[in-house]
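There are 2 protein chains.
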Amino acid sequence: MTTPFRIAMAGLGTVGTGVIRLINENAAMIADRAGRPLEIVAVSARDRNRDRGVDLSDFAWCDDARALAGTPDADCVIELIGGSDGPALELARDSLNAGKSFVTANKAMIAHHGMELAELAENASVSLKYEAAVAGGIPVIKGLREGAAANRIDRVYGILNGTCNYILSTMEKHGSDFEEVLKKAQELGYAEADPGFDIDGVDAAHKLAILAALSFGKALDFGGVETAGIRSIMAADIGQAKALGYRIRLLGMARLNDGKLFQRVNPYLVPESHPLAHIDGSTNAVVAEGNFSGRLMFQGAGAGDGPTASAVVADLIDIARGDSGSVFAMPVQTMARADRAESGNREGKSYIRFVVADKPGVLAEITAAMRDASVSIESLIQTQKTDDGSVLISMVTHSSRESDIGASLATLSSSSSIHGTPMVMHLLSEAD
Amino acid sequence: MTTPFRIAMAGLGTVGTGVIRLINENAAMIADRAGRPLEIVAVSARDRNRDRGVDLSDFAWCDDARALAGTPDADCVIELIGGSDGPALELARDSLNAGKSFVTANKAMIAHHGMELAELAENASVSLKYEAAVAGGIPVIKGLREGAAANRIDRVYGILNGTCNYILSTMEKHGSDFEEVLKKAQELGYAEADPGFDIDGVDAAHKLAILAALSFGKALDFGGVETAGIRSIMAADIGQAKALGYRIRLLGMARLNDGKLFQRVNPYLVPESHPLAHIDGSTNAVVAEGNFSGRLMFQGAGAGDGPTASAVVADLIDIARGDSGSVFAMPVQTMARADRAESGNREGKSYIRFVVADKPGVLAEITAAMRDASVSIESLIQTQKTDDGSVLISMVTHSSRESDIGASLATLSSSSSIHGTPMVMHLLSEAD
Numbered sequence: 001m002t003t004p005f006r007i008a009m010a011g012l013g014t015v016g017t018g019v020i021r022l023i024n025e026n027a028a029m030i031a032d033r034a035g036r037p038l039e040i041v042a043v044s045a046r047d048r049n050r051d052r053g054v055d056l057s058d059f060a061w062c063d064d065a066r067a068l069a070g071t072p073d074a075d076c077v078i079e080l081i082g083g084s085d086g087p088a089l090e091l092a093r094d095s096l097n098a099g100k101s102f103v104t105a106n107k108a109m110i111a112h113h114g115m116e117l118a119e120l121a122e123n124a125s126v127s128l129k130y131e132a133a134v135a136g137g138i139p140v141i142k143g144l145r146e147g148a149a150a151n152r153i154d155r156v157y158g159i160l161n162g163t164c165n166y167i168l169s170t171m172e173k174h175g176s177d178f179e180e181v182l183k184k185a186q187e188l189g190y191a192e193a194d195p196g197f198d199i200d201g202v203d204a205a206h207k208l209a210i211l212a213a214l215s216f217g218k219a220l221d222f223g224g225v226e227t228a229g230i231r232s233i234m235a236a237d238i239g240q241a242k243a244l245g246y247r248i249r250l251l252g253m254a255r256l257n258d259g260k261l262f263q264r265v266n267p268y269l270v271p272e273s274h275p276l277a278h279i280d281g282s283t284n285a286v287v288a289e290g291n292f293s294g295r296l297m298f299q300g301a302g303a304g305d306g307p308t309a310s311a312v313v314a315d316l317i318d319i320a321r322g323d324s325g326s327v328f329a330m331p332v333q334t335m336a337r338a339d340r341a342e343s344g345n346r347e348g349k350s351y352i353r354f355v356v357a358d359k360p361g362v363l364a365e366i367t368a369a370m371r372d373a374s375v376s377i378e379s380l381i382q383t384q385k386t387d388d389g390s391v392l393i394s395m396v397t398h399s400s401r402e403s404d405i406g407a408s409l410a411t412l413s414s415s416s417s418i419h420g421t422p423m424v425m426h427l428l429s430e431a432d
Numbered sequence: 001m002t003t004p005f006r007i008a009m010a011g012l013g014t015v016g017t018g019v020i021r022l023i024n025e026n027a028a029m030i031a032d033r034a035g036r037p038l039e040i041v042a043v044s045a046r047d048r049n050r051d052r053g054v055d056l057s058d059f060a061w062c063d064d065a066r067a068l069a070g071t072p073d074a075d076c077v078i079e080l081i082g083g084s085d086g087p088a089l090e091l092a093r094d095s096l097n098a099g100k101s102f103v104t105a106n107k108a109m110i111a112h113h114g115m116e117l118a119e120l121a122e123n124a125s126v127s128l129k130y131e132a133a134v135a136g137g138i139p140v141i142k143g144l145r146e147g148a149a150a151n152r153i154d155r156v157y158g159i160l161n162g163t164c165n166y167i168l169s170t171m172e173k174h175g176s177d178f179e180e181v182l183k184k185a186q187e188l189g190y191a192e193a194d195p196g197f198d199i200d201g202v203d204a205a206h207k208l209a210i211l212a213a214l215s216f217g218k219a220l221d222f223g224g225v226e227t228a229g230i231r232s233i234m235a236a237d238i239g240q241a242k243a244l245g246y247r248i249r250l251l252g253m254a255r256l257n258d259g260k261l262f263q264r265v266n267p268y269l270v271p272e273s274h275p276l277a278h279i280d281g282s283t284n285a286v287v288a289e290g291n292f293s294g295r296l297m298f299q300g301a302g303a304g305d306g307p308t309a310s311a312v313v314a315d316l317i318d319i320a321r322g323d324s325g326s327v328f329a330m331p332v333q334t335m336a337r338a339d340r341a342e343s344g345n346r347e348g349k350s351y352i353r354f355v356v357a358d359k360p361g362v363l364a365e366i367t368a369a370m371r372d373a374s375v376s377i378e379s380l381i382q383t384q385k386t387d388d389g390s391v392l393i394s395m396v397t398h399s400s401r402e403s404d405i406g407a408s409l410a411t412l413s414s415s416s417s418i419h420g421t422p423m424v425m426h427l428l429s430e431a432d
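Chains X and P supply the protein sequences, listed in that same order.
Residue numbering for the first sequence follows full-length UniProt numbering, beginning at 1 and increasing consecutively.
Residue numbering for the second sequence follows full-length UniProt numbering, beginning at 1 and increasing consecutively.
Derived from the structure by calculation, the hints contain no laboratory data.
Quick caveat: nothing in here was measured; it's all calculated off a predicted structure.
There may be inaccurate statements among the hints.
[What the hints assert, rightly or not] Residues from chain P shown here face chain X by an in silico Cβ test under 8 Å; the list is partial:
{"#": "1", "residue": "22"}
{"#": "2", "residue": "29"}
{"#": "3", "residue": "138"}
{"#": "4", "residue": "139"}
{"#": "5", "residue": "142"}
{"#": "6", "residue": "146"}
{"#": "7", "residue": "150"}
{"#": "8", "residue": "217"}
{"#": "9", "residue": "275"}
{"#": "10", "residue": "297"}
{"#": "11", "residue": "309"}
{"#": "12", "residue": "313"}
{"#": "13", "residue": "318"}
{"#": "14", "residue": "325"}
{"#": "15", "residue": "330"}
[Claimed, not checked] Stretch by stretch, here's where chain P covers chain X in the computed footprint (C-beta under 8 Å, at least three residues):
{"#": "16", "stretch": "15–28"}
{"#": "17", "stretch": "31–37"}
{"#": "18", "stretch": "131–139"}
{"#": "19", "stretch": "150–161"}
{"#": "20", "stretch": "282–293"}
{"#": "21", "stretch": "323–331"}
[Said to hold, decoys possible] What follows is a set of in silico ranges between Cβ atoms, one per label pair, in the way DEER data are often shown:
{"#": "22", "chain 1": "P", "residue 1": "50", "chain 2": "X", "residue 2": "337", "range": "44 to 50 Å"}
{"#": "23", "chain 1": "X", "residue 1": "188", "chain 2": "P", "residue 2": "154", "range": "23 to 29 Å"}
{"#": "24", "chain 1": "P", "residue 1": "99", "chain 2": "X", "residue 2": "97", "range": "34 to 40 Å"}
{"#": "25", "chain 1": "P", "residue 1": "347", "chain 2": "X", "residue 2": "336", "range": "57 to 63 Å"}
{"#": "26", "chain 1": "X", "residue 1": "259", "chain 2": "P", "residue 2": "85", "range": "48 to 54 Å"}
{"#": "27", "chain 1": "X", "residue 1": "226", "chain 2": "P", "residue 2": "257", "range": "44 to 50 Å"}
Every residue gets a Cβ at the ideal spot worked out from N, C-alpha and C, and that includes glycine.
The following block holds chain X by itself, in its conformation from the complex:
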């Protein structure tokens, strides 16, 4: 057997210990597939003495993760610490500068610093790989970087956050309200105690920015992702959507059009005929539309120690086999920054839901504001009263400019009859 591929690993949480278990359990097969055995030589974590259920005695121990970049015999460093900056970023820079390949599951770091790190990797002729950073165990980075490499990709989108999809599909199944399902998800460990990062769409936005850079060959632009989450979705919205033949899903959506980059994380109404409508629970799914391949979809577990470890070790096998090619498919110096597309210029059908006072004239007020902004209504339903005596008005517009919808809502923002902020969701279409 040839020389082992030697690894230093920072972070021994559930994913880190999953990587150790995987490399032990599938060792012989991995050695055959990689052409050489994978060998962990050094590890680092906060607490040396915690029982993690795996034997660490063969590995050198570093108290300071950043010191792993200097592990003399390591070919590659794995980072599973997390955080967009701090020790994770220092370790990434130091490892790549030291000529070691680098594998990470850290979507925040790649979303914020991916271009800088890719340049370091390409200058040092080593690999920077991040399959586990997007959609957990699904090989979607590989699928886009290599599997779809022959295509110009026009649109990439999908269900990128398992917590949100679990909450939405559970609300759908049981007709429950958001707060109730979130609480249950927290009890079951599907949602964090502080859930904002997931349910406000930030996590999905990190992943979307990475997918967009990789798909379009444009500079990663996390700051350009318009981001909204799922907190304001009511059981009634899901019921209305269903009656119209749609399911509500939080989608990340990116499109390159005339050189302009559009990136948005927002709940969408997905038609039941679309495969994303059938992705339930914490499953993730990514759709890419290539100019020759047509629509490709990749789905699987978006999180969890097993799937994430599977993605990390796939990256290791690739590097051990002699992976080559650019971090984001294209050489980083060719990845120009794209102008951001004006979302107001986008056209499509939207779902808008108002919570209004139960008194005469409200419907006339809303429909007049719509008419004045040139927003034409395709269907409208005034549904149930809520506990506090308010009434829900849900509508679907004909295809409209988003700026016109914004203008109609601006007009209505001063209305004393409308409670809170209206909920706006787009209907997923071929044109999005």
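Using the hints, position chain P against chain X.
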């Protein structure tokens, strides 16, 4: 720019001309992704003078495809002729023996001769790639070979034939009978004039054998695929399945269990909760279950010149980038032949449909035969009369040994009340 990656291509049908169009249209992007431009240097086809809508004047012309193996400046040969043997196989052998990498869309050739060709490729240290041979434009070979490389895969299955899926989902949608939909599919060009290769499951069996070898690291065994098609499925079967919460799909199913290889192409009842139940039309989808990744699914267009060309050119980009690793993920000499699993030992629920004479005692005869073979019935429905006055009896069994079901049907085969061969389909479950 570095030296171009030079290609000789045999076969200028719709896929071959698609490859030329793709390489022209996406040339700059492909050169960035591959690290060097792709350049077709020679082509071969039967008729030099046919107008194919692409300019061939830059390419050397060979009347005999087999001569392409000798193209002095070609790094790689593409084979798009088809046929498991004959010129395609000769070209493959000669190209690999001449130290040229080889890319093919030819599932029949890989299913029959994949092991021999993989050995030639590995001995010559060149690549043999066949992404386009399975599931068209979906990068499932890459997904299994590399994306899921860290996993022991226990089961791989999916919808591998777009013609059958188009027919079944159209029958489902319109309640039509098989013959009627087949005829329409032939008119639309979705089915061949001689459709046996597709609708009798042979095409799916070729693909399944390839997926099984790649997933399990066992020698390719096309002869071991139990194969049945969709000719006998009636509109009533689809209706019954739907009433029970299932959709009928032709699946290829492979499992490695205790070192024994089970491979089957057969119509299955797929529960509506399973993602394969929602794959409609000519779409293909492949599911792989890894011991760390969990369930992965890849879906997209299973045929067509654009998707197939996308897969062929992805292979070219990989080779141009310096693809390495084994043809079937594992070195071919490690791929032992697995014993074939006895399908009779398999247990699960089955759907059985009889067409019977409308006379007293038939139901008693059938249920007695079931009882005597220890097959227990979960649900049974006697449905409509057919045009000739026959009656349909459909049942779902409790979990039973397949050999017991076979025994019950053997008993009934001499019955004068049962018309034709009963239709048996398995219910897809976690245990399959």
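Tested hints:
1. 22: 5 Å, holds
2. 29: Holds, because the Cβ-Cβ distance from residue 29 of chain P to chain X comes to roughly 6 Å (cut-off 8 Å).
3. 138: Holds, about 6 Å.
4. 139: Status holds, d = 3 Å.
5. 142: With a minimum Cβ separation of about 5 Å from chain X (threshold 8 Å), the hint on residue 142 of chain P holds.
6. 146: Since the shortest Cβ distance to chain X is 6 Å, the answer is holds.
7. 150: 4 Å, holds
8. 217: Holds, because the Cβ-Cβ distance from residue 217 of chain P to chain X comes to roughly 7 Å (cut-off 8 Å).
9. 275: OK, holds: residue 275 of chain P within 8 Å of chain X, min 6 Å.
10. 297: 5 Å, holds
11. 309: 6 Å, holds
12. 313: Result: holds, 4 Å to nearest chain X Cβ.
13. 318: Holds - the Cβ of residue 318 of chain P comes within 8 Å of chain X, reaching about 6 Å at its closest.
14. 325: 5 Å, holds
15. 330: With Cβ-Cβ at 5 Å, under 8 Å, it holds.
16. 15–28: holds (count 4)
17. 31–37: holds (count 4)
18. 131–139: It holds, with 4 qualifying residues against the three required.
19. 150–161: holds (count 3)
20. 282–293: Coverage by chain P holds for the stretch 282–293 of chain X (4 residues, Cβ < 8 Å).
21. 323–331: holds (count 6)
22. P:50 - X:337: 44 to 50 Å: At 46 Å between Cβs, range holds.
23. X:188 - P:154: 23 to 29 Å: 26 Å, holds
24. P:99 - X:97: 34 to 40 Å: At 39 Å between Cβs, range holds.
25. P:347 - X:336: 57 to 63 Å: Between residue 347 of chain P and residue 336 of chain X, where Cβ atoms are some 59 Å apart, the hint holds.
26. X:259 - P:85: 48 to 54 Å: About 49 Å separates the Cβ atoms of residue 259 of chain X and residue 85 of chain P, which means 48 to 54 Å holds.
27. X:226 - P:257: 44 to 50 Å: At roughly 49 Å between Cβ atoms, residue 257 of chain P and residue 226 of chain X fall inside 44 to 50 Å, so the hint holds.
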